[in-house]
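J.: This is what each chain is made of:
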Amino acid sequence: MSSNLDQLYRQVIMDHYKNPRNKGVIEDGALTINMNNPTCGDRIQLTLKVEDGKIESAKFDGEGCSISLASASMMTQAVKGLAVEDAVKLSKIFYDMMLGNDYDVESYDLGDIEALSGVSKFPARIKCATLAWKAMEQGIGKKEEEEE
Amino acid sequence: MSAKEWRKLFPILDQEVNGKPLVYLDSAATSQKPIQVIETLDKYYKEYNSNVHRGVHTLGTRATDGYEGAREKVRRFIGAKSTQEIIFTRGTTTAINTVARSYGMANLSEGDEIVITPMEHHSNIIPWQQVAKVTGATLKYIPLQPDGTINLGDVEKTVTEHTKIVSVMQVSNVLGTINPIKEIAAIAHKNGAVMVVDGAQSAPHMKVDVQDLDCDFFAFSAHKMCGPTGIGVLYGKKALLNKMEPVEFGGEMIDFVGLQESTWKELPWKFEGGTPIIAGAIGLGAAIDFLEEIGLDHVLKHEHELAEYAMERLSELEGVTIFGPKERAGLVTFNLDDVHPHDVATVLDSEGIAVRAGHHCAQPLMKWLDVTATARASFYLYNTKDDIDAFLKGLTTAKEYFGHVF
Numbered sequence: 001m002s003s004n005l006d007q008l009y010r011q012v013i014m015d016h017y018k019n020p021r022n023k024g025v026i027e028d029g030a031l032t033i034n035m036n037n038p039t040c041g042d043r044i045q046l047t048l049k050v051e052d053g054k055i056e057s058a059k060f061d062g063e064g065c066s067i068s069l070a071s072a073s074m075m076t077q078a079v080k081g082l083a084v085e086d087a088v089k090l091s092k093i094f095y096d097m098m099l100g101n102d103y104d105v106e107s108y109d110l111g112d113i114e115a116l117s118g119v120s121k122f123p124a125r126i127k128c129a130t131l132a133w134k135a136m137e138q139g140i141g142k143k144e145e146e147e148e
Numbered sequence: 001m002s003a004k005e006w007r008k009l010f011p012i013l014d015q016e017v018n019g020k021p022l023v024y025l026d027s028a029a030t031s032q033k034p035i036q037v038i039e040t041l042d043k044y045y046k047e048y049n050s051n052v053h054r055g056v057h058t059l060g061t062r063a064t065d066g067y068e069g070a071r072e073k074v075r076r077f078i079g080a081k082s083t084q085e086i087i088f089t090r091g092t093t094t095a096i097n098t099v100a101r102s103y104g105m106a107n108l109s110e111g112d113e114i115v116i117t118p119m120e121h122h123s124n125i126i127p128w129q130q131v132a133k134v135t136g137a138t139l140k141y142i143p144l145q146p147d148g149t150i151n152l153g154d155v156e157k158t159v160t161e162h163t164k165i166v167s168v169m170q171v172s173n174v175l176g177t178i179n180p181i182k183e184i185a186a187i188a189h190k191n192g193a194v195m196v197v198d199g200a201q202s203a204p205h206m207k208v209d210v211q212d213l214d215c216d217f218f219a220f221s222a223h224k225m226c227g228p229t230g231i232g233v234l235y236g237k238k239a240l241l242n243k244m245e246p247v248e249f250g251g252e253m254i255d256f257v258g259l260q261e262s263t264w265k266e267l268p269w270k271f272e273g274g275t276p277i278i279a280g281a282i283g284l285g286a287a288i289d290f291l292e293e294i295g296l297d298h299v300l301k302h303e304h305e306l307a308e309y310a311m312e313r314l315s316e317l318e319g320v321t322i323f324g325p326k327e328r329a330g331l332v333t334f335n336l337d338d339v340h341p342h343d344v345a346t347v348l349d350s351e352g353i354a355v356r357a358g359h360h361c362a363q364p365l366m367k368w369l370d371v372t373a374t375a376r377a378s379f380y381l382y383n384t385k386d387d388i389d390a391f392l393k394g395l396t397t398a399k400e401y402f403g404h405v406f
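These protein sequences, in sequence, are chains A and E.
The first sequence: position 96 = 96 (UniProt numbering), numbered continuously.
The second sequence: position 159 = 159 (UniProt numbering), numbered continuously.
These are calculated hints, taken from the structure and not from any lab test.
Some clues are possibly wrong.
Claimed, not checked - Mimicking PhoX-like on lysine-lysine, the simulated pairs with C-alpha atoms at most 25 Å apart in a straight line are:
no. : chain 1 : residue 1 : chain 2 : residue 2
1   : A       : 18        : E       : 399
2   : A       : 23        : E       : 367
3   : E       : 399       : A       : 121
4   : E       : 367       : A       : 127
5   : A       : 121       : E       : 393
6   : A       : 121       : E       : 20
7   : E       : 4         : E       : 393
8   : E       : 190       : E       : 238
9   : E       : 238       : A       : 127
10  : A       : 143       : A       : 89
As the list claims (entries may be wrong) - Cβ pair distances, simulated, as ranges:
no. : chain 1 : residue 1 : chain 2 : residue 2 : range
11  : E       : 153       : A       : 96        : 52 to 60 Å
12  : A       : 15        : E       : 337       : 13 to 21 Å
13  : E       : 130       : A       : 7         : 38 to 46 Å
14  : E       : 111       : A       : 61        : 12 to 20 Å
15  : A       : 145       : E       : 126       : 25 to 33 Å
16  : A       : 61        : E       : 248       : 44 to 52 Å
17  : E       : 337       : A       : 107       : 38 to 46 Å
Remember, it's a predicted structure, so these values are computed and weren't measured experimentally.
Ideal placement from N, C-alpha and C gives every residue a C-beta, glycine not left out.
Next up, chain A with everything else stripped away, as it sits in the complex:
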């Protein structure tokens, strides 16, 4: 087995895939975002509870590969409790990580998310990893539109 593959499928990713955090649906008063990846059929339903500019909770449901589900699990874990603008900043860091760009390692504790950095070496899989993040950004955007 190549070491490249081991970099992609790190143990922590497999753990999130096998034991997803925040799997499910927030029932009352949450924002719901459905998003799919039309090239492969992955789909995610993300529910977000945003109050006073802060993400109180986030849950996801859906179908997809190990990378997309693990990424969704990690994302919900990471943004819970974050101010909306911080979630947007974190998302930017995540995209930079996916593109193999330098990213700001100081401002946030990336925790488990850092394990996804290996995806950048597999360009065909970047879309899998970013699906949940795109859904989160869209959800926050919706909330802001509502408030304007």
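Assemble chain E onto chain A, guided by the hints.
T.: Chain E only, in chain A's frame:
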């Protein structure tokens, strides 16, 4: 010649990917190109690139001869009566869209029906959805048998006197099903409908005779049959094509142009607006020469053996679901328990093995199969049993790799 010798004619296959010899099992997406086709394209651009049908100069004549010569090769290849029935298009998608936009929009209205199947590629679904939306016609589906085949009794029940168009793929890009086109065409005609055939997955692999099938339209792409991308063919019966309006207007396709009115060239050129796909057509001609030299009978037999061998080897693995009927074309679509097809494809890629993972442009079929995605290995004349052995070894690795997680 054997597959091992055929393989040597494809320069791209002689390389390593991720440190392993390339095993290319994605020919249903696009085939690789033999040296003959590559050199033909090279020669065209180096020696006689020129526009067709207008230059009085020598290069223009050579290019025109090459382009129209390719049309004659296509005519012979699919057994059409006349080169007037051979229209060069961008590919299968454009060919089907041309029929939908020209024939469909003009001849259908409310109360009429279009009949297709749930196994169709998106390119043989969406053009008809659009026709139905605009004309008020109804889009109906012939149900599939549990093994992914079509029962002619169901065709009889679905196609009615209100049906104006029946459009079916000859070979499924997911299930590998080989559909009984000739029999379906007879049912379509009995009800007064025209028969459209998506031949993208059949023309590269088996002898097609449009007169024997008695289809009204037949569409296919060069790039899946050793030819270049960007060119395909729409065959249509002359009597129908003559009554149809072009869908693209401009240079090349006109006879007389006035300030308010214009008239069209005769067939097939009225459907080929703009500078045509000259190099592509000449490349397709070279691909046809290549396939005819090998013999499509040999290609089909070889792929049949590979598919059988692959099915046999796959059935030795535990936790494999194979989709589609036993009797099939040269491809195998499958899923491994507990491993998502993307992950299967990534692990195989790390071993130099190229397979397709996803919905294969057949979302309605994925729904019918009750899966979101599948993995597919597809074979062509240059694949060998060694490729399938490597593929099986790769799958075992994927199972082990993901197996210890669960």
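J.: So does residue 61 of chain A sit 44 to 52 Å from residue 248 of chain E, Cβ to Cβ?
T.: About 45 Å separates the Cβ atoms of residue 61 of chain A and residue 248 of chain E, which means 44 to 52 Å holds.
J.: For the range 13 to 21 Å, tell me whether the beta carbons of residue 15 of chain A and residue 337 of chain E fit it or not.
T.: Because 20 Å falls inside the window, the suggested range holds.
J.: Hinted pair, alpha-carbon criterion (25 Å max): residue 18 of chain A, residue 399 of chain E. Please report holds or violated.
T.: Roughly 15 Å between the alpha carbons, so the hint for residue 18 of chain A and residue 399 of chain E holds.
J.: Is the Cα-Cα distance between residue 143 of chain A and residue 89 of chain A 25 Å or less?
T.: holds, 17 Å
J.: Is the gap between the beta carbons of residue 145 of chain A and residue 126 of chain E within 25 to 33 Å?
T.: holds, 31 Å
J.: Check whether the Cα positions of residue 121 of chain A and residue 20 of chain E lie no farther apart than 25 Å.
T.: Distance of about 17 Å is within 25 Å: holds.
J.: Is the hinted pair residue 399 of chain E and residue 121 of chain A satisfied, with a Cα-Cα distance of at most 25 Å?
T.: The hint holds at about 22 Å.
J.: Okay, residue 153 of chain E versus residue 96 of chain A on CB: inside 52 to 60 Å?
T.: holds, 59 Å
J.: Holds or violated: residue 23 of chain A with residue 367 of chain E, Cα cutoff 25 Å?
T.: OK: residue 23 of chain A and residue 367 of chain E at ~23 Å, within 25 Å.
J.: Holds or violated: residue 121 of chain A and residue 393 of chain E, Cα atoms, limit 25 Å.
T.: holds, 24 Å
J.: Hint check: residue 4 of chain E vs residue 393 of chain E, CA-CA at most 25 Å. Holds or violated?
T.: Roughly 20 Å separates the two Cα atoms, so the pair holds.
J.: Within 12 to 20 Å: is that where the Cβ-Cβ distance between residue 111 of chain E and residue 61 of chain A falls?
T.: violated, 42 Å
When the structure is compared with the earlier hints, violations turn up for hints 9 and 14 and for no others.
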